[in-house]
Structures are given as C-alpha cells and as structure tokens.
Amino acid sequence: MSSTKFILGLFEDPDEMLDGIHKLQQNSIPIYDVYSPMPIHGIEAKLGIKDSRLGYAAFIFGCTGGTVAFSMLYYMLVLDWPHNIGGKPNFAIPDFVPITFEWTVLFTAFGMVLTFFYATHLFPGRAPRVMDLRATDDRFVIAIDARGNIPHADITNILKEAGAVEVKHNDRKYVSYE
Amino acid sequence: MASHGESIIREPLITGKDITYAQITNDVLRPVENLPTKAWWIGFTVASLGALLWLVAVSYTFWFGIGAWGLNKTVGWAWDITGFVWWVGIGHAGTLISAVLLLFRQNWRNSINRSAEAMTIFAVICAATYIVAHMGRPWMAVYSLPLPNQYGSLWVNFNSPLIWDVFAISTYFSVSLVFWYTGLLPDIATIRDRATGLRRRIYSIFSFGWTGSVKTWQRFETVSLILAGISTPLVLSVHTIVSMDFATSLEPGWHTTIFPPYFVAGAIFSGFAMVQTLLLVARKVLGLENYITMFHIESMNKIIILTGSIVGVAYITEFFIAWYSGVEYEQYAFINRATGPYWWAYWSMMSCNVISPQLFWFRKLRLSIPFSWFLSIVVNIGMWFERFVIIVTSLHRDYIPSSWAMFYPTWVEVSIFIGSIGLFFTLFLLFIRVLPSVAMGEVKLLLKGSSEQAKKKVLEHGHVDAEQAAFYKESLEKFDSVELADYKA
Chain A
1 MSSTKFILGL FEDPDEMLDG IHKLQQNSIP IYDVYSPMPI HGIEAKLGIK DSRLGYAAFI
61 FGCTGGTVAF SMLYYMLVLD WPHNIGGKPN FAIPDFVPIT FEWTVLFTAF GMVLTFFYAT
121 HLFPGRAPRV MDLRATDDRF VIAIDARGNI PHADITNILK EAGAVEVKHN DRKYVSYE
Chain B
1 MASHGESIIR EPLITGKDIT YAQITNDVLR PVENLPTKAW WIGFTVASLG ALLWLVAVSY
61 TFWFGIGAWG LNKTVGWAWD ITGFVWWVGI GHAGTLISAV LLLFRQNWRN SINRSAEAMT
121 IFAVICAATY IVAHMGRPWM AVYSLPLPNQ YGSLWVNFNS PLIWDVFAIS TYFSVSLVFW
181 YTGLLPDIAT IRDRATGLRR RIYSIFSFGW TGSVKTWQRF ETVSLILAGI STPLVLSVHT
241 IVSMDFATSL EPGWHTTIFP PYFVAGAIFS GFAMVQTLLL VARKVLGLEN YITMFHIESM
301 NKIIILTGSI VGVAYITEFF IAWYSGVEYE QYAFINRATG PYWWAYWSMM SCNVISPQLF
361 WFRKLRLSIP FSWFLSIVVN IGMWFERFVI IVTSLHRDYI PSSWAMFYPT WVEVSIFIGS
421 IGLFFTLFLL FIRVLPSVAM GEVKLLLKGS SEQAKKKVLE HGHVDAEQAA FYKESLEKFD
481 SVELADYKA
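Chains as they are written, first to last, in our numbering: chain A, 1 to 178; chain B, 1 to 489.
Keep in mind the hints are simulated off the structure, nothing from the lab. Honestly, I wouldn't trust all of these hints.
[Unchecked claim] Pairs of lysine-lysine, BS3-like flavour, derived with a Cα cap of 27 angstroms:
(1) 173(A) to 215(B)
(2) 448(B) to 168(A)
(3) 215(B) to 160(A)
(4) 364(B) to 5(A)
(5) 478(B) to 456(B)
(6) 168(A) to 5(A)
(7) 46(A) to 448(B)
(8) 168(A) to 215(B)
(9) 23(A) to 448(B)
(10) 160(A) to 448(B)
(11) 364(B) to 478(B)
(12) 456(B) to 284(B)
(13) 50(A) to 215(B)
Start from the sequences and build out the full structure, keeping to the hints where you can.
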C-alpha cells in the first residue's frame with residue numbers, strides 16, 4: 001500500500017482548476033478541499049458549499065450593540081443621573097442616536113470578525129497548515145484524500161488532462177506544519 | 001470569475017504584457033522581501049526627524065500644559081482642532097475606497113485599497129493624538145469613557161457632540177483596523193510561505209494560520225462585504241459627528257445645518273488628495289506602475305473634481321444663508337472671514353479648494369502625474385485652511401467685541417503639526433516595508449478579466465467590433481506604462 005495521503009493537483013489557471021473539479025466530480029472522486037491565492041467566485045456552488053451564515057451573526061451582534069448602547073444611555077441619563085438642563089427632557093432620543101449607531105457598528109464588526117476567526121479556526125500564532133506553499137502565491141490546488149480512493153494513477157491522469165501543471169503525491173498532510 | 005466577460009472598451013486595470021499571478025506577488029512583495037532602497041532611507045530619515053519633532057513638541061505640551069500654545073480666552077480652539085479635523089478627514093478616503101467603492105463594485109479600488117486603508121489608520125492615529133494633547137491633562141482622558149468612577153453617579157454627558165466624537169473616532173479607528181487587518185491575512189500568508197527562518201515565524205504568527213481554502217475565502221468575502229456595508233454609514237457618521245462639534249453650537253459661522261454633508265465631502269476631498277500624494281510617489285518608487293495605473297489616477301482626480309465642487313457649493317451656500325437668514329452676527333462672521341484680519345486664510349482656502357481642482361476638467365492636466373501630485377498638495381493645504389478658517393475666524397470675533405482677539409501659534413503648535421506629518425509618513429514608510437502595499441489577492445482577481453493582456457487576448461482571438469477595438473487602443477494613449485507599439489499593428 002502506498003504511503004500517499006493526499007494527491008494534489010496544481011493548476012496555473014483558475015478556469016482550468018474548475019475544469020479539473022468538474023472532471024473529478026464526473027468520475028465521482030470526492031474532493032477534500034481547494035486552495036487558492038485569491039477568491040474564486042462561483043466555486044462554492046460547484047463544490048456544494050452552503051452560503052455563509054456570517055450575515056446572521058452580524059445582524060445579531062448589531063442588534064446586541066444597539067440594545068446595549070441604548071440601554072446604557074437610558075440607565076445613565078434617565079435612571080441613574082437625571083439632570084435638569086434648562087427643563088429639557090432626560091430621555092432625549094435624538095441625542096442617543098449617534099452613540100447607539102456607533103456601538104451597533106462596533107459590535108457588528110468585532111462580533112462578526114471574531115465569529116469568522118472562530119469558524120475558520122484562525123487565531124494569532126496558529127501553525128499554518130498549508131498543503132502546498134505556492135497555494136498562497138500563484139497555484140490553484142485541488143486536494144484529494146488518497147486513502148480508499150480509486151487508483152492514484154487515474155486521479156493523476158484526470159488532473160493532468162484538465163491542465164494541472166503538476167500533480168503531487170504527498171506523504172504528509174501539511175508541508176508547512178511547524 | 002468576477003471580471004470575466006468585461007467589455008473591451010473598459011480601460012485595463014493592470015497593464016503590462018505578460019503579467020502572471022506569480023509576477024503580481026513578486027512585484028508587490030519586492031519592497032517587503034528586499035533591503036530598503038536609498039529613496040526609502042532618505043524618506044524615512046526625513047520623516048522620522050519630523051516624528052522626533054512631534055515627540056518633542058507633544059512632550060513639551062504635556063509637561064507645561066497647553067499654555068505652551070498660542071490659545072487665549074477668545075480663541076480656545078485653534079491649530080489643535082484644525083489638525084484633528086484635517087487628519088480625520090484625510091482618513092476618510094481609505095474607508096471610502098475600501099467600503100463604498102466595494103459596494104459599488106468598482107474594481108479599480110482593488111489596487112489602491114490597501115495603502116488607502118493603511119493611510120486611514122495612520123491619519124486617525126495622528127488625529128487622536130491631537131485630541132488627547134488638546135485635553136491638556138491627557139491622563140484624564142479616561143473620564144471621557146462611560147466607566148464607573150470615584151465620584152459616584154457621575155456619567156459623561158451623552159448629549160454633547162464632543163462625547164459623540166469620542167465614540168465615533170474610537171469606533172472608526174477600531175473598525176478600520178479590523179477591516180484592514182482581516183484583508184491583510186491572505187497577503188501575510190503569502191509572505192509567510194515565501195519566507196524562511198525568523199521572518200517566516202513572525203509572519204506565521206500574524207497570518208493567523210491562513211491557508212486559502214475555499215471555505216475560508218467564501219467567508220472572508222462575506223465578512224469583507226458586510227464590513228463594507230457597515231463601514232459606509234460609519235464613515236459618513238464620523239465626519240457628520242465631527243461637524244456637529246461646531247454645528248450644534250450657537251457660534252456665528254459654526255451654527256450651520258449644511259456642516260454634516262459639507263464636512264463629509266471635504267473629508268473625501270482631502271482624503272483622496274492625500275492618497276494621490278502618497279500613491280503617485282509610491283507607485284514610482286516601488287515600481288507599481290502596472291497596478292496603480294493612469295486609470296486609477298484619473299479616477300481619483302475625477303473624485304477630487306466632484307468633491308471639490310461640492311465643497312465650493314457649500315462655501316457659497318454658507319454665504320448665501322448668512323445673508324438670507326437676516327442674522328447680522330452670521331452676516332458679519334462671513335464678511336469678516338473674507339475681508340477681516342484672516343482674509344488671507346479665507347482666500348487661500350478658496351483658491352486651493354474651489355478654483356484649483358477645477359483645473360482637472362482639462363484632460364491633459366488630469367492625466368499629468370506631476371500636476372496631479374502638485375494639485376493634491378494644494379488641496380491638502382486648502383483643506384487645512386478650511387478648518388482653520390472655520391475654527392479660528394469664527395471664534396476670534398463673536399458676539400462681544402470687547403473680547404475680540406487674534407490668534408498666533410507658538411513654535412510648539414507649529415512643531416506638533418509639522419511633526420504629525422512626519423509621524424504619518426514614518427508610519428506609512430514602515431508599512432510599505434513590512435506589509436504588501438497592494439492587496440495581492442484582490443488584484444489577482446482582476447488578472448483574467450481586466451488586465452491589459454486579457455484584453456489583448458480578446459482583441460487577438462475574440463470577435464470584437466472594430467470600432468470598439470479602435471476605441472480601446474486609443475484609450476491606452478494616456479498610460480505611462482503601456483507600450484503603444486504593441487497595438488499599432
């Protein structure tokens with residue numbers, strides 16, 4: 001049994017890679033993941049990736065921020081420290097708008113970005129688990145789990161046929177794991 | 001792909017005949033991966049001397065208090081708030097470019113957003129230091145935050161625009177920082193995967209373990225889009241709130257409902273001018289002419305005409321409303337601006353901000369790099385004068401003639417101002433050395449559709465209308481990095 005863990009198809013061109021994905025799917029070869037140095041629009045649908053739900057997270061954080069800010073202002077200016085300034089109302093809603101707005105934005109931004117980091121397992125100092133170093137530079141990489149898959153030579157041929165400039169049989173999952 | 005099938009008559013966003021994905025990385029990372037050039041060292045030395053001056057002047061202020069400045073009982077705000085509003089305004093272009101242009105699907109933003117965002121961060125840092133310094137006792141700055149304190153139920157006055165400012169600027173700074181940094185992750189990962197040894201370790205920490213997997217990219221794009229969506233109203237709110245520092249007062253010359261939109265337009269105006277000042281030099285020094293092209297420069301110049309004209313209309317409207325309101329104090333304030341002791345500041349503002357950008361209507365001038373650079377500096381000067389005029393000329397003569405006074409800056413204020421420019425450039429020069437000044441991931445996205453070579457391919461192999469092909473070729477005349485000989489045949 002070979003020691004290959006992952007088969008990588010390295011492409012120079014995103015369109016050729018999409019072609020590669022198409023061909024692999026036609027042959028019912030499951031794709032482990034795809035890596036690219038830039039976003040490729042339309043690839044999610046091809047790979048059957050569901051829409052991101054970060055928008056919902058953002059909305060919830062925004063509502064939280066707005067509520068927190070407004071409640072804080074209400075507590076501080078109306079309940080805790082009402083001041084009579086020229087007989088003006090303490091519950092001056094228009095004056096509450098700027099800060100409520102700013103905190104809505106602040107909570108949305110931080111909440112959503114932290115959710116993004118959490119969901120994608122990104123955090124400072126995390127060891128980069130890259131399968132091929134050029135995947136962040138100029139190569140578009142399709143990774144295929146080698147174990148239990150059809151003959152490796154066939155996968156190699158399919159990738160080459162689609163225009164892969166290089167096909168790698170990696171023994172290790174990650175090359176940049178430190 | 002986003003830009004596939006783009007019309008041939010659109011000018012290319014990446015010039016150069018044989019640009020590849022690898023070359024984009026090489027070109028952008030050249031200043032990061034190599035030793036600094038002589039030009040960088042000269043710039044850095046000058047800028048850091050400026051930053052040193054800033055340090056001296058700010059320390060002097062903290063030690064002796066703001067009595068070291070030329071303020072008096074009548075003119076209590078002067079160069080400090082002028083500098084603050086000026087820097088915050090400059091900061092606005094970065095967010096505008098990243099957020100508003102992203103929402104409007106303006107692809108040309110892709111090559112300039114990174115440096116513009118960095119500029120935002122540094123400009124807001126400069127602005128914030130002004131505010132802290134102007135407090136006089138900066139260690140008391142904590143009292144501007146709504147924190148429980150030893151005075152019992154004593155909260156900040158949330159009805160005050162100055163407190164709105166605290167919230168607006170701090171939110172603006174932190175959201176811009178998050179936006180900028182999140183966008184940097186893929187590019188930091190690129191540097192990491194090309195580096196070795198210690199550099200690799202350092203960039204590895206800051207890349208958060210980015211791999212470029214498809215799901216991450218998908219979420220990344222969602223995050224960028226939502227951040228852009230919330231940053232757009234944020235950026236408008238920030239300068240609106242800054243303008244309310246003045247507009248909610250009863251001071252003649254400040255008490256103006258036109259201030260919010262006028263300040264926002266002014267901010268975009270000065271911000272784009274500063275982007276031009278920086279990028280026209282950076283593209284040359286860093287060799288990024290293929291990515292920051294004449295199309296980008298021209299587009300920014302067009303925004304400068306637009307916003308300069310809005311600002312011009314605002315100046316004239318203020319005058320009209322002062323007359324139309326029938327309020328004599330208001331009328332006097334404006335007549336005094338134009339003919340009083342600070343007439344020179346008023347007319348500097350008028351000529352720099354209203355008259356000079358109109359020169360960009362001439363195509364030749366709009367496409368001239370030296371002229372664009374010169375004018376961007378003129379606009380920056382003009383916008384500084386605008387804030388000076390609003391603040392100092394309004395304050396120096398108001399309702400009580402017995403307290404009328406003049407304002408003269410001391411060396412400390414002048415040094416803080418010049419020094420803050422030094423600080424800004426120091427930070428920017430350090431930035432271009434350690435981080436990619438062009439968002440590589442986003443520029444790579446344009447290669448297949450909007451680059452010169454992609455268009456050339458379409459011209460050669462596609463079925464393009466002859467008229468459109470001719471139109472495209474003619475449009476290339478203005479590019480300083482396009483070899484027209486290639487198209488003559």
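> Are there hints from earlier that the structure breaks, and if so, what are their numbers?
Replying inline: Of the numbered hints, just 4 does not hold.
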